[in-house]
Amino acid sequence: MANQKKLAIIATKGTLDFAYPPLILATTAAALDYDVTIFWTFYGLQVVKKERDLKISPLGNPGMPMPVPMPVLVQILPGMEAMATVMMKQKMSSKGVATIDSLLEMALEADVKMIACQMTVDLFDFKHSELIDGLEFAGAARFFEIAQDADITLFI
Amino acid sequence: MADATLDAKGLNCPLPILRAKKSLKGMTDGQILAIEATDPGSAKDFESFCAQTGNKLVKASENNGVFYYEIQKNG
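Protein chains in written order, with my numbering: chain Y, 1 to 156; chain U, 1 to 75.
Mimicking DMTMM-like on lysine to aspartate or glutamate, the simulated pairs with C-alpha atoms at most 25 angstroms apart in a straight line are: (1) U:K9 <-> Y:D17; (2) U:K22 <-> Y:D101; (3) Y:K91 <-> Y:D101; (4) U:K22 <-> Y:D33; (5) Y:K95 <-> U:D45.
Partner residues aside, some chain Y positions facing chain U, computed with beta carbon under 8 angstroms: (6) I24; (7) T27; (8) T28; (9) A31; (10) L32; (11) D33; (12) K95; (13) G96; (14) V97; (15) A98; (16) M106.
Computed list of chain U residues with no C-beta within reach of chain Y, every gap over 12 angstroms: (17) T5; (18) M27; (19) T28; (20) K56; (21) E62; (22) N63; (23) Q72.
Note that these hints are calculated values from the structure, not bench results. Virtual Cβ for every residue (Gly too), placed ideally from N, Cα, C.
Could you put the whole structure together from the sequences, leaning on the hints where they help?
What follows is the structure in structure tokens.
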């Protein structure tokens, strides 16, 4: 499509809550016939690992609703992160929010292009085989090639 | 009378839009897709979806928290 709009996203975060925005926006844009590319870099690479274990942390996240008010010192106790993660996943499932697994699957199905930052892959000693299939491995110059004619560019 | 139906009840953003897109893909121009959803955000979302994709929102209504839409493909 000659006049197809383009969206380019840089996704840099690897927590459960921050895995959602790039995938929701990418799949929605794909449904609106955009040509979409996500550049996964730094902690964003956690989202495209084959064995994902994305968590949410109440620490440093003062806006996060907790079932009971909790002092910061309690939030650092072992198990609190796991509890917050389980709680959030239950809440999401009860509200009909898609899982990260299914959003990722839908994004790939809708031909959303995904690029993994080779520099951060090296930095964290990831093997290409640890990441999902279908990724392109490239650097910042490749991102600019895509972003220079994108209609919308987001940094998440 | 709708040519196809989509039950998107209980699903939240962006799933109703993604499922609608998928359903429309298998339909021919002029056919009508009827959708039921419970996501209150879907009202504006389906308007925007149709405005951007060339499909036509021919009907939008709500009854007891269930939103009903009819979209005509490339209408």
